[in-house]
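S.K.: Using the sequences provided together with the hints, build the complete structure.
Just so you know, the sequences run in chain order A and B.
Just so it is clear: in the first sequence, position 119 is 119 by the working numbering, and no numbers are missing.
Just so it is clear: in the second sequence, position 676 is 676 by the working numbering, and no numbers are missing.
No wet-lab data here; the hints were simulated from the structure.
Careful: at least some of the hints might be erroneous.
Beyond 12 Å from chain B on every Cβ pair, some chain A residues (computed) [as the list claims (entries may be wrong)]:
| hint | residue |
| --- | --- |
| 1 | 50 |
| 2 | 71 |
| 3 | 82 |
| 4 | 97 |
| 5 | 107 |
| 6 | 120 |
| 7 | 128 |
| 8 | 135 |
| 9 | 149 |
| 10 | 153 |
Heads up, incomplete: computed chain A residues facing chain B, CB under 8 Å, no partners named [claimed, not checked]:
| hint | residue |
| --- | --- |
| 11 | 56 |
| 12 | 65 |
| 13 | 77 |
| 14 | 106 |
| 15 | 110 |
| 16 | 116 |
Where is the CB? At the ideal position from N, CA and C, for every residue including glycine.
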Amino acid sequence: MAAVTALETAVKQSHRQSGVPSGGAADGSQLLTFKLGDELYGVDILRVQEIKGYTAVTRIPNTPPAIKGVINLRGTIVPIVELRTVFGMPTIDVTPFTVIIVVVVREKVMGLVVDSVSDVLTIDRQDMQPPPAFGSRVDVSCLSGIAKSGDKLVALLDIDRLLADG
Amino acid sequence: MSNEFEQFQDAFFEEAAEHLAIVEEGLLQLERHPEDLDLLNKIFRSAHSIKGASGMFGFDAVAQFTHKMETLLDLLRSGKKSVTPGLTDLLLKSTDCLKTLLDGVKLNAPVDDNVVQRLSTELAAVSAGEGERASASSPTAVAEPPASSGGAYDIRWTPPEWLFRRGLDPLQIFKELARIGRLGRVNVDTSRLPDLNNMNPETCYLSWTMRLETAASPKEVESVFEFVREDGELSIEAVAVPDSAPTVSGADVQREAKSATLEISEGGPKSIGEILVESGAVSKEALERALSQQKRVGEILIEQKAATPQQIEQALQTQRQMEAAAQAKKADTASIRVDTAKIDKLINLVGELVITQSMLSDLGTRFEMGQVHVLLERIAQLERNTREIQERVMSIRMVPIGTAFSRFPRLVRDLAAKLGKKIQLVLSGEETELDKTVIEAIGDPLTHLVRNAADHGLEMPEERLDNNKPETGVIKLNAFHESGNICITVEDDGRGLNRDKILAKAVKQGLVADGAALSDDQIHALIMKPGFSTAEQVSDLSGRGVGMDVVKRNIEALGGTVSIKTVLGKGTTFTLKLPLTLAIIEGMTIRVGRETYIVPMLSILESIQPKPEAVKTIVGNGELIDVRGIYLPVIRLYEVFNVQPEYEDPAKAILLVVETEGERVAVMVDEILGQQQVVIKSMEQNFRKVQGIAGATILGDGTVGFILDVRGLLEIARQEAAAADAA
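M.R.: Right, here's the structure in full:
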């Protein structure tokens, strides 16, 4: 869990540096990146409230499979989304690296289950491009684009659309 | 100049409401004891307080109106006039009007000037001679800005940089301008605004351009800026107003001025017509002509014979009620007054909690196995502290129900006068405390019940005398605690519910089949069905068939129940059973497979472990359970929620007999784990409503458990059954 704590600090620092929520966009975006299998995904760091170790989730009856359930986050009920299910990947067992990324979407708090968090990256605007079209074969509707960071490819998550689907 | 006082305004409204209540209560008593001078003085003092405070806050209309009331009260007090029923009636009406005026100011909503004007004329006329001259000055005259038939000014204003440092607020200026005329098209220039890094939050970087239509002289306009002229830039240019400039009546202007201030403070969107007129593309007359050609939906529907005028009227009525309710809700963000003693106790308890916590953490740092008993002792202490704090905090929200009852003396008085009946209202149990939110929510249902009792329940005086009953009917309101719930009864000694009449009407309306044999309870449940009314004539009081179903829905939304007891010819009693609070409920924790759920205790009647032969099926898959001779439908919770159960055989599982909206069903679960109080947490806050789940709670082990909504379960089960049938 030491890695998680270090990242939390990074998240907090970037919140502090950027001052206002809209401030960070001028010179590019800071992203919190995480892994699903071997793929790297990024979410705008200003939307991230916290990173949390995996805890037991209470299943909500009669909800889509991607909604894993709800957890108790310091007294509030927070829905948890299984990102692997959203992208149609097979689910895996919880590992010591499995974490919940708590994000804020339209004033609602929700948690995303991911395989592991990796890094906070700053990516320039010009390194970003719109999501490629795969036709019906691959659903990219939850992505706002893709970006290049070094030799890594980061898929940028559009979490607003993500929750709208859930 | 009201802005500086904004933070005190809430307190003002709260106090004004209290004073109004005193005035109203006093006036009602005055009817019975016209000679009571103490009472008059009390009323006078409260009216005077309202006048003084509203004057201070700049609510001139309120102050002026109260002044007129006060004049009359003063005449009564000094004995120059004597109290007559007509006068108290007028004063009571004025109190209502004052209430609307206050609400108007509070919600920034327009008030019907006609009523205000008529009443203030009447008040003035009654107190004429000793008082001021009648009717000459309308109460809103002061607040009314001069008609905009005069000129218009283009104002460009760059305030001095020190504006904020000296505690001045530009909004104040705009409000002042809106007062002397009609303020349109206010544009703000933000070009001088630096980067956030370089910005000094105490420096004003903004400047404004605006168009002011007013009859005031340039000097008067300039005087608005008097305190902010130094160092700033100000140019006021008179401009010609287009010929089509509307000459509107005073009332219109006032409303527009109001909307103008609203636009400034909230920046709300304008209607297309407004924008067109402001940009000069369309003249105001043209717009009004166009608008007058627009027809209301209702009229169109009537023309096309899609609906009858009565239906439209009813729909409009409902709409008005909904609007009123929405407004009331908006106003309901009110604060709560708490006894300081309660707070002191709470602070003491929190102190104890802190001590216990530090003792525990101290123990934790150097813990040895031998100290287990010390640990347990301190944990027990912590538990005591927590429970006590919980009780105290809950008690802060507890308010005597008398506040909800206080409106009824007036209501019953007015109803009696309107219906020509003699009614005595008896209140008891006013000191019974319950949660403030519950009190707020039961106000309307109670009003419905009292109205119904007066209108349908009680007979006319002659009819009562014919039936050997005292001429005066009695409506009793009582509140008391009963096993962790609060019971409120509304009792009348009227004609009682007529079983045959209800049944006949229900058959006629197609609610039940002809010849159906119904139990008394089922008959009584009928009157709570939407659209049901036995009143032969629809009056403006009741008989529309909305009412009882609303009562039932509201009470059930609070987790309560409504029951009826009636004896033909002797009277009817409605009993509302409500939880003491909405934040915590008593629940039964149950288990299905590996999932834990909570069922509200209030809806559970009993739990049974059925014999195998007690479960029967009909038409193949509809399951019924025999509970002492009555067959109840069985809902298998695991089927409804799609979870893996431990038992699929009802004989091994537990059946909870629950009641919802008068309907009983048996819910099949694996095991009952226990009974506990649970704190209700919102699911909607971060997610959405889930059918069959009323809310969530945190269980003892820190995980989330769901509170079941029995009604919702029933609906899911029926949908599934219907889907199965269709397949």
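S.K.: Hints numbered earlier in the text: which of these fail when held up against the supplied structure?
M.R.: Those not satisfied are hints 2, 5, 12, 14, 16.
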